[in-house]
Structure formats: structure tokens, C-alpha cells
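Sequence lines, in order, name chains W and A. All you need for my numbering is the position in the first sequence, starting with 1, plus 38. All you need for my numbering is the position in the second sequence, starting with 1, plus 20.
Heads up, a few of these hints could be off.
Unchecked claim - Computed, partial: chain A to chain W, Cβ under 8 Å:
#, residue
1, 28
2, 47
3, 48
4, 82
5, 96
6, 114
Hints in this document: simulated from the structure, not taken from any laboratory. Here a beta-carbon is modelled for each residue, glycine too, at the ideal position from N, C-alpha and C.
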Amino acid sequence: MNSKERMIAALCLEEPDKVPYMDTITSIVIKDRILKKSSTSSLFQTVRRQAPSDAYTAHMKNVEENIAISKAVGMDTVIINDSECVSKGYKYKVLPDPQGRLIIQDQMGRIYLEGEGGERWYKDGIIKKPEDFDNYEFPDLEAPGKFDVIKKAVDLVGDEMFIIGSVHWGFNYAWELVGGMEKLFLYFYLNPGFAKNLLNKINKYMVEIAKIMMDLGVDAIHTRDDLAGTDGSLFSPKIFDEFIMPLVHNLTNTVKKRGSFLVMHSDGDLYQILEKLIDAGIDCFNPVEPAVMDLKTCKERYGDRIALSGNVDCATTLVNGTPKDTREEVKRCIEVAAAGGGYVLSSSNSIYHGCRFENYVAMIGAKEEYGYYPLIL
Amino acid sequence: MKSLSVLRGIVVEVKKLGEDRLIQGKRWEKVIYTVKLVQFSKRESRMKMSEDLKGKEVKVLRFAHDDWHYKTGVSRTLTVEETEAVLKGTPTETVFW
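Extracted from the complex, chain W is given alone in its bound form (with noise of 0.2 Å):
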């Protein structure tokens, strides 16, 4: 099997050759080092390599950088976000800071700064009150080579990997742009007309996005909206069903109607909300928070119906564990979720600059030695 197939079959909840893997790297430390050279597929490196190009050909670039990447650690998939399609001659906008600090304002509008470890950091977003939104544009999505970075990632590596085109639903999109979760949330309750406003016309926005790389050739949609924390859904159940559900079922539905697959990642613990999104046609969740969600408990609940990934804790055993620890995390993810299949290994979020390189090396080696399916000679 190819990691395209490996994947199929796990997400079909059917037995690989091996448990597949897909992550996200976000360490700059981790990723120069799988790269023996200087990487450069960071937002903020982006930024700073945009000065004598774009943001365009950065990223090109970074699509090379990630496969490569992800071929080294024997990853089975590249995952695409819908921020890094950009069009050709964009630019992020550097914002002006007295403290000295690299700021930056995305296509979207939505203002990150480089935080530990060169990663970003939510600072704010550009609507400031409701009638800002009146006099919003969403990037033109027939600007020319808008989605030159799906295009590069189908033709390199589309008949071997499994390509992921990562959205929203809409809700992290919605926060980001009126300048944070809180604010958002005042709008549910205090001004619910434009809430809804302004989540339907971002998930409208994310549906388009989410066709056109479909039309390209990815294999799956993947939404990353984090819709619950550590001590449950964010949200109350009507507040849910009224503002979120409508969300998820028109970006699923859209999927499904061409017969791709839906990956969803949320953080913290969705025990409350899952059943409703697997209802709505999800075909994994991931990352199973290990401080909040058990895996074996998921897999006997909800394992006849959807593929589950990660639980490699990223918060403890990646950061402050051994590799030891390490190996034993991993072999206990497997063992508990990958008999049967429909089991992905992952980490609990992404590798991030947290993470211990020989952790990381550990986890790796582990997924080789304890993730292969009874063979068939």
C-alpha cells in the first residue's frame, strides 16, 4: 500500500498494511533538524523571505519543504491549509509595532504575532464592530494562482500521498476576525443577527474554498475550528444546534456529495457535541486530547463509525517525557485503537517547539516497530 491507500483504508475503517500518520510540524527546531538544513515553511519565515519575492512564492516553496518533511518521518499526508493559498504578488502585511515585534495582518484580515519558537500567536482581527463587516471583502478566490499550492502538492505527490485541504467551519474564523473567542460570544447572546451573519457568509466562503480543492485533487477536507476545551463544548447545546450545527452540516454535506472525506480536529474534550458531528457525516476525529478524552473509551463508543487519530500527548509525554515514554504512549495508541483499523496516528495537536526532537524521534521509530497489521504472506 501507498500512503494514499493506507489512509483510504483507515479511514474507511478498514485494515491498513500499517497504522498511517499525519501530523503537523510547527517546530522550526524539529523540522530544520528532520531537514539537516535551515527551513523556511514557518508563517513568520514566510514573512520575512516575502521581502525580495511574495508570500506567494514562499509558499510554493514551503509546499516542496513540507512533503519533504513529511517523506522523511514517513508521514502519509501533506496537509494544505486554506491560508496558504494565496495569490501570485500577495504579501503579508507587516504591521508597525514599538516594541519591536514582527506583526503581521493575513489576507483574511486576521493579525498574528511571532510568538515562542517563531510560531503564531492570535493577536486580533480588523472587525472592530458589527457595520465593519458591511464593508468586508473575502480574498477573491479566482485571483490568479490562488491555488497554485494545491496544484503543486496534487502534481508532486497526488498518486502516492493522501492530500489534505485544511478549512474552518467557520466558527475560529468568525473569533479571529472580530478580535477574539469572548467577543464572539457576546455577539451569540447580544447581537445574534450578525453572529449568524457572519458565521453563514464565512462557512459559505470555506464551502467555495473547500470545492475548488476538492475539483483540484486533495482527498479530504479537514476542518481545524478547536469547538470545546478542557472542560467541555464551548458552547451550550442551543447555542450549538442554532449557531455551529447549520455550519457543520453545509460544509459536510458538500464533502460527502462528492464522495470525499471529511477529517475533523478539534481540541478538548467533545464528548458532549461528537455524536451530532458524527451524525452530521464526519469520517475522523482527531487529535482525542489525552488530558480530557480516552481513547479507548472513544474507540468502543464511537470506532463502528468513524476513524479516530492522535492521543500522543503533546502537552506531557512529547514535551517532558523520554523516548521511552514515548515509545510506550505510542505503542499504547495502537494497541488500544488501531486493532481493526480506522485508527491514524497523530499527536494530541502538532509538533510544536515544545516538543523534545528525541521524543519526537521515539514516536517515529515506534509507529515502524509496533504499528504494522498481521501480515499476509
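Start from chain W and add chain A according to the hints.
Same frame as chain W, but now just chain A:
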């Protein structure tokens, strides 16, 4: 076009055959899984299993190594070729009854 749809079932018994093979430095043990057929994979939702196949027990030959390979009560997937053999009623080296 050849169907990719495969049959899935639940492992009800694992029988060790006492035959080992060394593969890439690891010792893999020949086993026969008794698999109670349940359904086709969700890959092809139009494929419905016929009533006479539901609950049919087939023996599936594999090589096992890790502890989790010996679990019962978990799903096991037949290959495309094994699925075709079951549907045709023609046993093969790796699937029989």
C-alpha cells in the same frame, strides 16, 4: 472496474499454528483468525451483504507479531481477493471455511 469493496468481520478466535517466520529481524507467528462476517467496508456504501453471508464464519490466515494482533472482538478486514473468494464460495490459501 474491479470493486475495491472488502468484507469485514469480528475476530471470534485466534488459533496459533506454531509456525514462525523471521521477517526483517522480527519473529512473526502464523495464526488462523476465525472471523464472523458482519458487513462490507464503509468504502462502498451501496454494497449490502446477502443474508446468507451475515454471521458466516470464515478462517483467515495471517502472521501475527504484536500483542494487539491476538485480540478477539476486534474487526478484521479481508483483502479484495479474499472478499471475491468468499462471494464466489471458492476457498483460497488465506481464506477458507
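Against the structure, the hints:
no.	hint	verdict
1	28	holds, 7 Å
2	47	violated, 12 Å
3	48	holds, 6 Å
4	82	holds, 4 Å
5	96	holds, 7 Å
6	114	holds, 6 Å
When each numbered hint is compared with the structure, a violation occurs for hint 2 only.
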